[in-house]
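Visitor: So the chains spell out like this:
2 protein chains.
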Amino acid sequence: MTKQRLVYSFGGGTAHGSAKMKNLLGGKGANLAEMAKIGVPVPAGFTITTEVCTAFMKKFKYPPRLNAEVKSAIKRMEKIMGRKFGDPKNPLLVSSRSGARQSMPGMMETVLNIGLTTKTIPGIIKKTNNPRFVWDAYRRLIQMYSDVVMEKAEDIEPAEGKGIRHQLEVELDKMKKARGVTQDVDLTAEDLEGLTKIYKAKVKDVLGKEFPDNPEDQLWGGIGAVFKSWNGKRAVSYRRIESIPDDWGTAVNVQAMVFGNMGDTSATGVAFTRNPATGEDKFFGEWLPNAQGEDVVAGIRTPNPINESTRGEGSTLPSLEKAMPKAYKQLFAIRNKLEAHYKDMQDLEFTIEDARLWMLQTRNGKRNGPAAVRMAVEMHKSKLISINTAIMRVTPNQLDELLHPMVDPIAEKTADKLAKGLPAGPGGAVGQVVFTADDAVKWVAEGKKVILARDETNPEDVEGMRAAIGILTSRGGMTSHAALVARGWGKCCIVGAGALNVDVAGRKITVDGKTIKEGDFLTLNGTKGLVYKGQLPMITGTEDDPHFHAFMKLCDKVRTMKVRTNADTPADSKKALQFGAEGIGLLRTEHMFYGEHSEKPLFKLRKMILADTEEARRVALDELFVDVKDTIKKTLDVMAGLPVTIRLLDPPLHEFVPDALEDRREIAKSLGISLERLNARADVMHEVNPMMGHRGVRLGITYAEVSEMQIRAILEGAAELIKAGKKVFPEIMIPVLCDVKELSHQRVLFDKIYPEVLKKYNLKKIPYMFGTMIEIPRAALLADEIAEVAEFFSFGTNDLTQMTYGFSRDDVGGFVPYYLDHKILPRDPFEVLDQSGVGELVKLGIDRGRKTKPKLKVGICGEHGGEPSSVRFCHNVGMDYVSCSPYRVPVARLAAAQAVIDK
Amino acid sequence: MTKQRLVYSFGGGTAHGSAKMKNLLGGKGANLAEMAKIGVPVPAGFTITTEVCTAFMKKFKYPPRLNAEVKSAIKRMEKIMGRKFGDPKNPLLVSSRSGARQSMPGMMETVLNIGLTTKTIPGIIKKTNNPRFVWDAYRRLIQMYSDVVMEKAEDIEPAEGKGIRHQLEVELDKMKKARGVTQDVDLTAEDLEGLTKIYKAKVKDVLGKEFPDNPEDQLWGGIGAVFKSWNGKRAVSYRRIESIPDDWGTAVNVQAMVFGNMGDTSATGVAFTRNPATGEDKFFGEWLPNAQGEDVVAGIRTPNPINESTRGEGSTLPSLEKAMPKAYKQLFAIRNKLEAHYKDMQDLEFTIEDARLWMLQTRNGKRNGPAAVRMAVEMHKSKLISINTAIMRVTPNQLDELLHPMVDPIAEKTADKLAKGLPAGPGGAVGQVVFTADDAVKWVAEGKKVILARDETNPEDVEGMRAAIGILTSRGGMTSHAALVARGWGKCCIVGAGALNVDVAGRKITVDGKTIKEGDFLTLNGTKGLVYKGQLPMITGTEDDPHFHAFMKLCDKVRTMKVRTNADTPADSKKALQFGAEGIGLLRTEHMFYGEHSEKPLFKLRKMILADTEEARRVALDELFVDVKDTIKKTLDVMAGLPVTIRLLDPPLHEFVPDALEDRREIAKSLGISLERLNARADVMHEVNPMMGHRGVRLGITYAEVSEMQIRAILEGAAELIKAGKKVFPEIMIPVLCDVKELSHQRVLFDKIYPEVLKKYNLKKIPYMFGTMIEIPRAALLADEIAEVAEFFSFGTNDLTQMTYGFSRDDVGGFVPYYLDHKILPRDPFEVLDQSGVGELVKLGIDRGRKTKPKLKVGICGEHGGEPSSVRFCHNVGMDYVSCSPYRVPVARLAAAQAVIDK
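Chains as they are written, first to last, in the numbering used here: chain P, 824 to 1726; chain W, 824 to 1726.
Accuracy of the hints is not assured; some may be wrong.
Note that identical chains are pooled: a pair holds if it fits in a single copy or bridges any two copies.
[As the list claims (entries may be wrong)] Restricting the straight-line Cα-Cα distance to at most 25 angstroms, the calculated cross-link-like pairs of lysine to any residue (SDA-like) are:
1. K1452 <-> R1440
2. K1340 <-> E1499
3. K1032 <-> W1312
4. K1331 <-> V1285
5. K1331 <-> E1499
6. K1000 <-> K1271
7. K1271 <-> D1261
8. K1646 <-> M1508
9. K1492 <-> S1567
10. K1666 <-> V1700
11. K1356 <-> N952
12. K1646 <-> E1528
13. K1271 <-> E1528
14. K1564 <-> S1060
15. K1025 <-> D1009
16. K1564 <-> P1677
17. K1337 <-> E1499
18. K1646 <-> V1571
19. K1331 <-> A1505
20. K1564 <-> N1621
21. K1166 <-> I1208
22. K1027 <-> A878
23. K1240 <-> A878
24. K1331 <-> S1497
Hints were generated in silico from the structure; no laboratory data involved.
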């Protein structure tokens, strides 16, 4: 603090500061300066810098220059406002407010109406001709000042119920009782005048000091109280939570008071420069005549529409446009000026005092998803903002809102919350609860909407899951079966809602002493993981919104990384193409056996897996071959030459062993073996830790015939399309690799089958790539060797996260929620890619792979491929593409574009 | 090949070459040159270099100089041997043998008796006075030469059964039939002379060429045949397997023939400069008078002892020392000379021809473990070898042989092998098979020795495992429960012998149609993983061998890395101290609940785990506290101030949930809850992949009271010893860490309890360290952050291997044996640390940890800590110590010393 100003004035069309000086002036002060500077009529005032605050906190006294600078700033205000501080005839009243670099709403103190004294009151009464208003303002000043300045700022800690604020409230109540009224507003000017006397006596009595009757004393008291509140308990603990440094300090803004409640030529209001709910380019707001700002937001009086074009249906209240056309015109011009200046939709507060318009605040307005998208597109179209700015204006979550119906957030506030689980599938859903997949299918066939509730789901539940409008489980994590399946379909899903006791046999859920029976309605907020009793209203998504498509085009212009989808069927693939997928990054062979039309293939798959001789297995494989080829062919056809990465059989085999005796009996019969022998085979296949067991390529090596069948199905499916004049680009991907030798082994199989298929179809070439998942830590570490054989890498960050953390995704329910609650983990690593641990392996894998093969194609196909921060990471480490479930494709496209801009 | 010799002569006390010229002269040629040079009487000869071979292979002709050099070398031989090549009166006979840089036993050709022609035969008959011997030699020459030189080397490929060798055999058989004899030796000189004529006619007939009757032709034929055999099928495929480059080529050694079968003044024998079975410094060997070398090793005649001092019990055969004292004296002097020269025990071949001693071969002799140790110690003591050489002379496996009884390898050759499994616990065991832990205990109480056979073992089997002399399972890998427990005790154990069908209920094993019933005898070779039917003889270990202790002292002088032990009880700790452990690197809290005296603590542990309220858990913990403190205190006392690393509770809790209904009922009763409620609690604890579930520090965080109990038990145990004037150094170790915040959480608990314990015992200080396992890949990756809180790292390479490979150690039986058989994995990574993948994480973890804390103490406590190549790795990456099971401590001490020398 050498010769830098301590006090920055603003108002009258100029200002010492500007919007860039947030660190010194705080957010509010910088913004007021900026508005003044561009000619917006703000009540004049000045900002005492944050550096004064930090100096004051160190030495407990103000810098010597401060007094003089404040005096001169007051003079400036007096001049602009045409009033004088302490003047008996035409007094200036001021407020003292905090304003830190980062907003800390409600955490610090404010003092209003500074300057009201026994000497100035008569003048102001005369000027306003509204004695009641003046005495009420004075009463409020005493109440606020005695509490904030005289008690709190002096570190007086009164006994419970003995605080001055409370004691003055008691006097107010007495007065109302004495007058036989219940509302403050029913007290007359005389009542209030009398009350101020009682108040002042009480202050003297309780605090041992006179309430100051000198404007200067009031002013310095107000300034000091704001500074001191920086170290108040609330502010300090808020800073701890938000990681705001203590040494930032707050600025103090002293500003002329203006009043919207000085009669019929006064008014107050709030407005948005565009519609924050739809994004429509229409000036939108509410106002009240003869009122103070808090009246508009308090909800006691119904506010009037600001103009005719945004008048709600059935509203007959007068608009500002009609009632005060001159002020409205000025306001409208300011609206245009501010939006042009800030290049974003603004949230405005204004007051009209005696027909004179004052702007109290402007800030970037909050908006929902559809509005954010529309405004970004339209502002860019009108050349207000660049393409990059437009893209950065929409958060991935806002974009996601467009794609799913949502629970109405207002209704949600007062709803009966039953439990909180993990937000596994976004959007909202309302339906009647059922407890089995069969019931779900049956009830839906009867035209009902159902929520399927289970402890956890498994492949046998898939039909019911597809039928249900929402899925709810009491166990499992973000990558549990239910979560994976639901997300793939874009279906609302909450998993791991551990508080719920799902009693499938008893057809009921019990929680906290409440019981939800079959058929009762539940509402799920899958975006937040909240479960409500009953039916809450919904807001529908707008995926067909033309602004949405225009916005996605902007993103596509900027992004350099491709976005593919994880899809297992031709239907999924079609959906994903609509969302802009540029290929399939993960087609899971085993998933084509799930779902509604899959009874037969699933049965054959089980037969194949449970066969206990190679011969029997080959027979089952031959049967299965037909289905696999058919699905792959159809999918390649849909994708029309875009790359389709097909992962060979991946999961632990016993995942496919049916538990039901009847199913086992049927399979045994079909295999021509005894149930006993089948059971023995199933027992052999039991594993202690199946996730790290006999799966993926380990299976494709020990049972090479299983890999062979799949490779042949892929190549023959592709060959048949080529013969039909179609384009295809299959990519064969080997899962669960830990060593290059495993890949070489599978490559030998491929090299045997490929010429056989060429010969069979009389073709010279089938386009293809041959690559691998990198999902085991060792594969990432030895990526240089693996790249000798692999033509592409696809990082399977689900499994890579499991192995890198040693977290079984099926079992994290026992401790990960606790870890998140207690900040041992910042985020669920199955939801948000852990950049420091898992991400390091990914980086290392890419670097080493490209050391061997500089143009190695690299992508990601874990669930993280649709999570925005993870997508950015993928861009930053140089991936060629991300792949995610169809409904996440737009989000990934946005995140990929934002990553380019960020860099 | 400029002016370098093509031919290197040796013999007569000098040589052109030396032992260093292996690449040029081959191993055999270099060694013959070296012996000649130091004055050992080798039959004279010369070596044609490997470069001639490679040149010959390229151009299919010899370098022009070769002929002249061979001629002059032959002259030199004639002079030394006093005979002339082709001389009718005193002819020189020679052999032509291969000799590559690396030994390729039996893969190339040899031609003996070159120089026998119709002209030289009479002279040699006269000289030897043994016509039968001469005609037999001639007959052999024709047979060998026609096959090797005239047929094979000319690339003639006869039809099946039409090869010349076979056709000559037929003639031999005819002759024997005609003479009415069955043995070759029963044919007379005349018979053999007749046979040579028949042979020569047959050769002419079959091959269309005369058998050469000129010594020169025979010689060049023999040389060419050896060179050509370098590219013979057998040699080529051997080189592929052994990775020997084709361009090395072979040398050809032409050497004078000497004969031990020229009458009673001739003899032949083999000898070792020291006893290869015991290492005793006594000249040891066998000989036969009037015999050829093959007679000694063929086993038809019982060979005589070489001297009186090594005469076997009951042997009355004449020793060479007595029968030919002069030759023996010369031989003994040569024995001393060779050992002094080669500085290692030599394996010798010699022939005495007409009272003249010739040395045919010397090489380093093979030896068993006890002999290797004794010779290393004694040769070092007598200053023959340096300490480093002594240490490198003993392989870790040889050292291990000393510590366990072994199956007699000779008996093993002809034994009835039932199956091969994984060698989980070394040594051998013979016993009667039982199928339950209870039976094992009961039978042993009756004085029997038993082998406990199971599918797999679990903690409930521990008493039976302790009682059994050997353990056999049909499932599980090198770090399965059975393997870990057995290795800890140094007990013979074979796991994963998948061919065995262990039928516990039926009390039998079936395998390959055979049935082994309860009580039948089995023999296990735990070092190799072999299971035999019946009782094989055993060789007992010699861990009390004074040479062993002397050898370990040598190792300790050299090594810089400490060796600790994994021990869970005071008894284990005592054992480990005897083996030289310098601390405990891993004390597993949970293991103290196993074993014979543990019924009560195990019950309490289960109670604690199954308690479903914090209150009930705290009661159980208070009970458990007493046992934990007691065991830790006793162990700290045994270790007397050496560091003792105590790992807090690690395994997934449900590992401790008993399956038996009766046990569950008892625990429910003790907890005062219903069996139903207990079962519900057990269900909640069920995990899909327990290895990556709710365990280790995850448990210590969610149930902080469990960690608190253990920390308090450790500190109070230590405090009580300090009060009693003892020294202690506990190291508290947190398992299964993936993030530094987990460690910080546990440190907070420690920091709360430590001052409480100091206060309780009125102490100023308890020495301790606070550190962590690094066993999760993420912990290795983020070791820099973890080292901010950890005072030491201990790499848990068992789990680190599981996570890095994605291999569940319980489930690898399905594919790892296949991977090993098919060379997809070079070694089982649970046995030998995978240096390229897991090892990279270890290196990275150490580097990053020491970046934060340069003096960070680092060790390893996985099973790899006792595996020699892994121990060397640990030394090379800068670890402070390794820790292994007590019986592996000596091996680790040796490997650590060898690592220093290697570097």
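Visitor: Just pull the numbers of the violated hints for me, sorted ascending.
Guide: The structure breaks hints 3, 6, 9, 11, 13, 22 and 23; every other hint is satisfied.
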